[in-house]
Every structure is written in structure tokens, then in C-alpha cells.
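> Residue numbers (numbering that gives the first Met the number 0), protein chains in the order written: chain A, 0 to 431; chain B, 0 to 294.
Note that these hints are calculated values from the structure, not bench results.
A virtual CB, placed ideally from N, CA and C, is assigned to each residue, including glycine.
Worth double-checking, as some hints may not be accurate.
Unchecked claim - With a cut-off of at most 20 angstroms between alpha-carbon atoms, the simulated SDA-like pairs for lysine to any residue come out as follows:
1) B:K28 x B:V16
2) B:K206 x A:K230
3) A:K427 x B:G67
4) A:K427 x B:V16
5) B:K206 x A:T84
6) A:K427 x B:A59
7) A:K427 x B:K208
8) B:K208 x B:A112
9) A:K427 x B:C247
10) A:K427 x B:C49
11) A:K427 x B:A112
12) A:K427 x B:K28
13) A:K427 x B:G53
14) A:K427 x B:R113
15) B:K226 x A:L86
16) A:K427 x B:P55
17) B:K211 x B:G53
18) A:K230 x A:L86
19) A:K427 x B:K206
20) B:K206 x A:P142
21) A:K427 x B:C148
Said to hold, decoys possible - A few chain B residues facing chain A, derived, Cβ under 8 angstroms:
22) A19
23) S20
24) A23
25) L24
26) S26
27) F29
28) H30
29) Y115
30) E116
31) V120
32) N124
33) A125
34) R128
35) A130
36) G131
To be verified - With the C-beta cut set under 10 angstroms, the calculated list includes, among others, these residues of chain A facing chain B:
37) V63
38) R208
39) E210
40) G354
So you can see what is in the structure, the chains are spelled out below.
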Amino acid sequence: MSKAAFKGGVHPPEHKEATAALPIEWMPVPTRLVVPMSQHLGAPCAPLVAAGDRVHRGQLIGSVDAMVSAPVHSPVNGEVASVGTCLTAGGMRVPCVTITPDTEQDLRSFAPVPDGDVRATVRAAGIVGLGGATFPSAVKLSPPKGVEVGTVILNGCECEPYLTCDHRLMVESADRVVAGARIMADTIGAKRVVIGVEENKPDAIAALRAEAGDGIEVRSLVTRYPQGAEKQLIWAFLKKEVPHGKLPAAAGALVHNVATAAAIADAVDLRKPLTERVVTVTGRVARPGNYRVLLGTLVSDLIEFAGGFSGEVGRVVAGGPMTGPALADLDVPVSKGTSGIVVFGPDEIAPLVEGDQPCIRCGRCSEGCPMFLQPFLIGTHANRRDWTSAELFHPVDCIECGVCSYVCPTRRPLLQLIRLAKAAVMAKGERL
Amino acid sequence: MLLTVLKAMAALASLGVIAASMLALASWKFHVEVDPRVEAVASALPGANCGACGNPSCFAVAEAIVEGAMPVTACVAGGKSVAESIAALMGSGSCDIVAVVSVRHCGGGTAAARSYEYGGVQSCNAVSRLAGGALVCPAGCFGYGDCVCACPFDAMALDERGLPVIDIAKCTGCGICVRECPRGPIGLLQLVADDAPIAVRCNAHNKVKERKASCSACCIACKKCEKECPADAIHVIDMLAVVDYDKCTGCGTCVRVCPQNCIDLYAGASSGTHADGAGKDALAEPVAAGASVEG
Numbered sequence: 000m001s002k003a004a005f006k007g008g009v010h011p012p013e014h015k016e017a018t019a020a021l022p023i024e025w026m027p028v029p030t031r032l033v034v035p036m037s038q039h040l041g042a043p044c045a046p047l048v049a050a051g052d053r054v055h056r057g058q059l060i061g062s063v064d065a066m067v068s069a070p071v072h073s074p075v076n077g078e079v080a081s082v083g084t085c086l087t088a089g090g091m092r093v094p095c096v097t098i099t100p101d102t103e104q105d106l107r108s109f110a111p112v113p114d115g116d117v118r119a120t121v122r123a124a125g126i127v128g129l130g131g132a133t134f135p136s137a138v139k140l141s142p143p144k145g146v147e148v149g150t151v152i153l154n155g156c157e158c159e160p161y162l163t164c165d166h167r168l169m170v171e172s173a174d175r176v177v178a179g180a181r182i183m184a185d186t187i188g189a190k191r192v193v194i195g196v197e198e199n200k201p202d203a204i205a206a207l208r209a210e211a212g213d214g215i216e217v218r219s220l221v222t223r224y225p226q227g228a229e230k231q232l233i234w235a236f237l238k239k240e241v242p243h244g245k246l247p248a249a250a251g252a253l254v255h256n257v258a259t260a261a262a263i264a265d266a267v268d269l270r271k272p273l274t275e276r277v278v279t280v281t282g283r284v285a286r287p288g289n290y291r292v293l294l295g296t297l298v299s300d301l302i303e304f305a306g307g308f309s310g311e312v313g314r315v316v317a318g319g320p321m322t323g324p325a326l327a328d329l330d331v332p333v334s335k336g337t338s339g340i341v342v343f344g345p346d347e348i349a350p351l352v353e354g355d356q357p358c359i360r361c362g363r364c365s366e367g368c369p370m371f372l373q374p375f376l377i378g379t380h381a382n383r384r385d386w387t388s389a390e391l392f393h394p395v396d397c398i399e400c401g402v403c404s405y406v407c408p409t410r411r412p413l414l415q416l417i418r419l420a421k422a423a424v425m426a427k428g429e430r431l
Numbered sequence: 000m001l002l003t004v005l006k007a008m009a010a011l012a013s014l015g016v017i018a019a020s021m022l023a024l025a026s027w028k029f030h031v032e033v034d035p036r037v038e039a040v041a042s043a044l045p046g047a048n049c050g051a052c053g054n055p056s057c058f059a060v061a062e063a064i065v066e067g068a069m070p071v072t073a074c075v076a077g078g079k080s081v082a083e084s085i086a087a088l089m090g091s092g093s094c095d096i097v098a099v100v101s102v103r104h105c106g107g108g109t110a111a112a113r114s115y116e117y118g119g120v121q122s123c124n125a126v127s128r129l130a131g132g133a134l135v136c137p138a139g140c141f142g143y144g145d146c147v148c149a150c151p152f153d154a155m156a157l158d159e160r161g162l163p164v165i166d167i168a169k170c171t172g173c174g175i176c177v178r179e180c181p182r183g184p185i186g187l188l189q190l191v192a193d194d195a196p197i198a199v200r201c202n203a204h205n206k207v208k209e210r211k212a213s214c215s216a217c218c219i220a221c222k223k224c225e226k227e228c229p230a231d232a233i234h235v236i237d238m239l240a241v242v243d244y245d246k247c248t249g250c251g252t253c254v255r256v257c258p259q260n261c262i263d264l265y266a267g268a269s270s271g272t273h274a275d276g277a278g279k280d281a282l283a284e285p286v287a288a289g290a291s292v293e294g
């Protein structure tokens, strides 16, 4: 079978060898959990508990009555220490519930989510896209009326360098991933299920093929960033482009991450709410690994569990190095979208660039852009705050993969400029 | 020979007549009725298309004023004189207008502590998206000058402290800087009446201890200004000195007693003085009337 791919992209050094072979390990319950009320895209939840309340593992502690949202559950048995605000890894200040866990914990038991159909269960379990985008999964499982979604695509690419959490999950819990794929296909009536895995993970492909059986294709993809992006996967398998401003359903596809599929299988089969996730901790730490971490664990506690820093630290990034934000403060919680913590030494990071860098018109950003945009032009207009001109080059179509900033030889902050243009164009759209 | 010349002349003349009659026909056939008041109002407006009023061009504002969708005072940049001439043209509408200018409530600048190193796009709106900005102070000025770039009247400039200084002689009070500033909604830049005499150069409401640790120029809520003010016009509200401009007489007592030197004499455009960051130094050497001094 030929290897599928998309057009454009880059292949940065993978650096996955440090953790790719390490089995997933539970991180013990920390002494304090700070559970953010907004771990998803959409309306933030309102806390349902107050300081001093007893909470048990799986109990609903935050919810909001909005279409695009996901409820939050307590990851442990314990007592609510306070209800306040905290900074997230993404740099937003959001409401949060701080929980002091009991010293004795049984992480195998939890309060089940209420009975209901698949969509209601996925919603009640608080499941969001675990690849990092954190879009509420139940919303994705409800395509607009009249749109036929024929294919469910599972994203097992893990195209970000350093990260191996999805890789280990596919190797160790291939049955859960496949079960989740079946549930999703049945729910939306899709006939075809494709699981896409980059060819650098042959053990994951073998494990998934052993479980897949009839009706589920496991296909290997060219190892190239951003292969795991929704629109790029759809192109790789269906050779269809998602029209401007439309959802992937318009191309007849539904794309979910493999970890999301496993979480959906657990929610439907075991009535289990989403209270933990696998996080790859790697780079300059003493004990790199793939850890199953309770949501709300502070990054500082997680790094301490991973043996602390080994040597000097230049930068700590939450998520993959291509899209993840550098952390200004390590006392931020792990949330549903935190796929990794990557610690770089001072020799591994480029010095900060101050001031405007010139564009030398080499065109590498345009060649690399998987959405066929012209980042250098959007960047130039955004630098002059000329949003009208920037809009002509469709910043709204940008998937924010960061390839342009990565390849730019003069290190212009292209993605940051495009994000500004995107925000300005979208704000203008709301005003009209 | 003569005939050839005459033929050419006749041909050109007849082409001219045909073209002219076609143009005349077109201008009669496709004539668009324009309210003459729109053109009159448009010519009364400054014509800079600055966008301060929220419309794309002065002509669009003129149409809106004639339709009654906007008041005769719609042009913020034009001020009272423009409003009066438009009111005369429209024959109606009150042109009571309070001239306003923008004032900055921060004296931190480069001296304020940073929470992280930043090396991206040199823009306040860009940095404010990253963990709320690189400043420890939750309300201070980032100092990348988005307001300076946005000002259509060239009334702002970054000084050596990394703070935007407002030239109140040029400021029209259009409010674009307040809208552009990511901390505009929390009052870092504010529109005040153009004869407002005093400016408090701090915008922080956090704990005074935290504030002092992150910035040497902050208001420490000591209430000295509140106690000394003879007009009862300055009060510490929510841990920050706030001036009540309705009562303020501009005597300068608060400027003199402020131990942090974070209150400035800010006699507005009407008197033409502007001591930015000078604090009580401005009182020692009175500013010559009509001069625009920037700290």
C-alpha cells in the first residue's frame, strides 16, 4: 500500500528515542491539584463546589450550559481547598478549583457518568480533543443535519517532535483505540474507518493492525510535520480539501485523535469521566517518560516526579515544541490538552530576537505552509497593522502549525504575526 | 490640399460632437440624486478619513449625519468648531461637546519588573496574549507603543522611559489609542476633559506589597493626597488614588505631597501645559504658559 502524505510541511529532528520505548507509568497523586475550569475550547465552566466541600473522584465540579463546552470532574477524593483563578499553560487566567487529595486514594474507582446515548455520554464525561486542540468531542460527533460523514479518521501521527504519549497509548491500549473508533463510526453512521500512523512508529501500526480486524484500515503515513493536522489527514486519505470556512464534515470526514478515541471507549464502556491523561515528560529531565497524570497536577510537581531538571534549563515548553507555549511559570496545571512537557537546555534554544527582522523573500515559508498560504506577506502586513491587506491573504485559514516560523532563516515571528492578523480579521467579522 | 485639412477637421469635430452627446446623455440617464446636505457636511468635515468615529471615511460620516444616524458631534477629531459648522448646516442638533484628551495612568515603563523574557513581535497586543503579558504588574504599560502606531494625529511618542507621552496640543480625544491598548478596558489609557489638571500615573489595584515589589513608580495607597487635598477631589479607591475631576481645582497639593512622585500636574490643552512624569519637579519650575513640556 502506498504511503499517504500531504503537500508542504517540514521534517524536524524527531528526538523521540528517549521516551518511545518507555511504558506508560502512573504518577502518584500529588499533594495539591489545581483543576482549571476551562480545559477546552469554548465557554469556561462555572465551579459547582465551594471551599471546604468533600469531593470524590469522578464527581462533576464544573459545568456550563453552552453548546461548545465540556464539564470538569474531580480527579481525586479529597477536599476543596479554595476556588479561585489560575494561569493555564496556554497563558490564560481562568477560574479553578484547588483540591487537597486524601492520603489514601483508589484510582481504579470513580463516580460513573450518568447513563445516556453515546453523544450525551461523551459530553457528560468531559471529553475533548486530546491532541492539544481541546475541541469538545461531543460537538464533533454531531455533524450538521444533511451532511453525510462517510469516513472516521483517527489521528495517530503524533507528528510533533519529542512527544510519544500517543505512540505508547497505541502500543499499550490498541484495543481501546479501536473500540473508540468503532463507537464513533456507529454513532455517526460512517462506513469507513482509517487509522493513520506515521511510519516511524512500526510497533504502533503492528499493534493496531492486530486489533483492527475487518472494516478498520490502519495506514502508515510519511513522517512529516504537520501530518497529524485535521485537514492534512483528510487530504492524505481522501484527497479532498476542506472548503474555506467549513468543517471537516463538509469533506465527508470526522477526525479524532487516538487518545480521544480511547477516552471515548472508556466513557461509553466503563462510564468513566476524563480525569487523567498521558503526558510525555522529556528533554533535560533526570527521568524522561510517559506518565499518566491526573488533570490539575502542577507542572512543577510533574517535573519533580520525573527526577527534576538535569542540568541548566533554557526553556520549558508545554506540549510539542512546534506549537506548545513556553512556560513563564512552572506552577501551572496539566490540563486536558497538555500532551507533553519538554525541557530544553540553554544550548538547545535560539537566542531571543528583538525587533523587526527583514524578510529576504526566500519563499521557504510558502513552500512549507501546509495550507498553501503566503506567511511572509501576511506577516509583512500584520507588522504594519494593515489588517485590510493582511486579510487578502487569508490568515483565517492558518492552522497555526508553526512551520513558517520554524523554517524562516531570519527568524521572523511569522506565526505570532499571523495570529494577530487572524484575531483582527475575526474581530472585524464580528463587528460587521 | 486645403480640402484634406478640412476633411480631417470635420471628421474630428463630428467625433467630438458624437462623444459629447453620448456623455451628456449618460449624465442625464444615469444621474444619481445626492442630498446636497451630504456634500455640504462632507466639506465641513476635516476630510482626513482618520476613522476615529468608527466610520471608514468622512463621506460616510456625512451620510450618517444627514440620515440622522449619528449626531452632529460625530466627528471626534474635528471638535467644537466642526460640530458648530455642521449644526449650522443641518439647522439642528446640540453641539455641546466636551473636548477630551487621552491620559496615561502608568509611570512604570522600562523600570517595571518583567515576568519573563520576551522576544517576539514588538507589539503590546501580541505580548498581552502570552500569559497576560511580560509585565509583573497586572495593569501597567507594556511600552511597545501600539497606541503610538495607531494614533492618526501623531500626538503620541514613546519617551526614554518606554512610556507613551501624549502631546495634548495635538490630541483630539478620538479614543483610538484607548481602543488599541490591550489594557485600555482596564483604564490604562483614559479619556478625560481637556482641562483636567491632575493625572495619577498608576493603574494597579493589586496588593500594595506586590505592586511595590514589581514597580518603583506605583501608587502605594498611602492616602497622603486624600488627606491633604483641600477640595476633597482625590480618593484612594480600591487601593489606588483616583481623581474626581468635577471637584479638582488643580492646586497641585497632591502632586507636592505624593511620596512616590506618581501624580503629575496635567493642566490640559486649554492652558497648554503638560508635565509628564515630572511630578513635583514641575511645580518647582512653573511651566511657561503656551509651552508643551514633556517629561
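> Hint by hint, note whether the structure agrees.
Okay, the hints, checked on the actual structure:
1. B:K28 x B:V16: Holds: B:K28 and B:V16 sit about 18 angstroms apart, inside 20 angstroms.
2. B:K206 x A:K230: Violated: B:K206 and A:K230 sit about 47 angstroms apart, past 20 angstroms.
3. A:K427 x B:G67: Violated, at roughly 25 angstroms.
4. A:K427 x B:V16: violated, 50 angstroms
5. B:K206 x A:T84: Given pair B:K206, A:T84 holds - Cα atoms ~16 angstroms apart, limit 20 angstroms.
6. A:K427 x B:A59: holds, 18 angstroms
7. A:K427 x B:K208: violated, 40 angstroms
8. B:K208 x B:A112: The given pair, whose Cα atoms are some 14 angstroms apart, holds under the 20 angstroms limit.
9. A:K427 x B:C247: Violated: A:K427 and B:C247 sit about 40 angstroms apart, past 20 angstroms.
10. A:K427 x B:C49: holds, 17 angstroms
11. A:K427 x B:A112: violated, 34 angstroms
12. A:K427 x B:K28: Violated, at about 38 angstroms.
13. A:K427 x B:G53: holds, 12 angstroms
14. A:K427 x B:R113: violated, 32 angstroms
15. B:K226 x A:L86: Cα-Cα ~38 angstroms, so violated.
16. A:K427 x B:P55: This hinted pair holds, its Cα atoms lying about 13 angstroms apart.
17. B:K211 x B:G53: It is violated: about 39 angstroms lies between the C-alpha atoms, which goes past 20 angstroms.
18. A:K230 x A:L86: violated, 31 angstroms
19. A:K427 x B:K206: violated, 37 angstroms
20. B:K206 x A:P142: Violated. B:K206 to A:P142 sits at ~48 angstroms, over the 20 angstroms cutoff.
21. A:K427 x B:C148: holds, 19 angstroms
22. A19: Because about 39 angstroms separates B:A19 from the closest Cβ in chain A, which is outside the 8 angstroms limit, the hint is violated.
23. S20: violated, 41 angstroms
24. A23: violated, 38 angstroms
25. L24: This hint is violated: B:L24 lies away from chain A, its Cβ roughly 37 angstroms from the closest one there, beyond 8 angstroms.
26. S26: violated, 33 angstroms
27. F29: violated, 29 angstroms
28. H30: violated, 31 angstroms
29. Y115: holds, 4 angstroms
30. E116: holds, 6 angstroms
31. V120: OK, holds: B:V120 within 8 angstroms of chain A, min 5 angstroms.
32. N124: holds, 6 angstroms
33. A125: Check passed: Cβ of B:A125 comes within 6 angstroms of chain A, closer than 8 angstroms.
34. R128: holds, 7 angstroms
35. A130: holds, 4 angstroms
36. G131: With a closest approach of 6 angstroms, the B:G131 hint holds.
37. V63: violated, 22 angstroms
38. R208: violated, 42 angstroms
39. E210: Where the cut-off is 10 angstroms and the nearest Cβ of chain B is about 41 angstroms from A:E210, the hint is violated.
40. G354: It holds, given that the least Cβ distance between A:G354 and chain B is near 6 angstroms, below 10 angstroms.
Checked against the numbered hints given earlier, the structure breaks hints 2, 3, 4, 7, 9, 11, 12, 14, 15, 17, 18, 19, 20, 22, 23, 24, 25, 26, 27, 28, 37, 38, 39 and satisfies all the rest.
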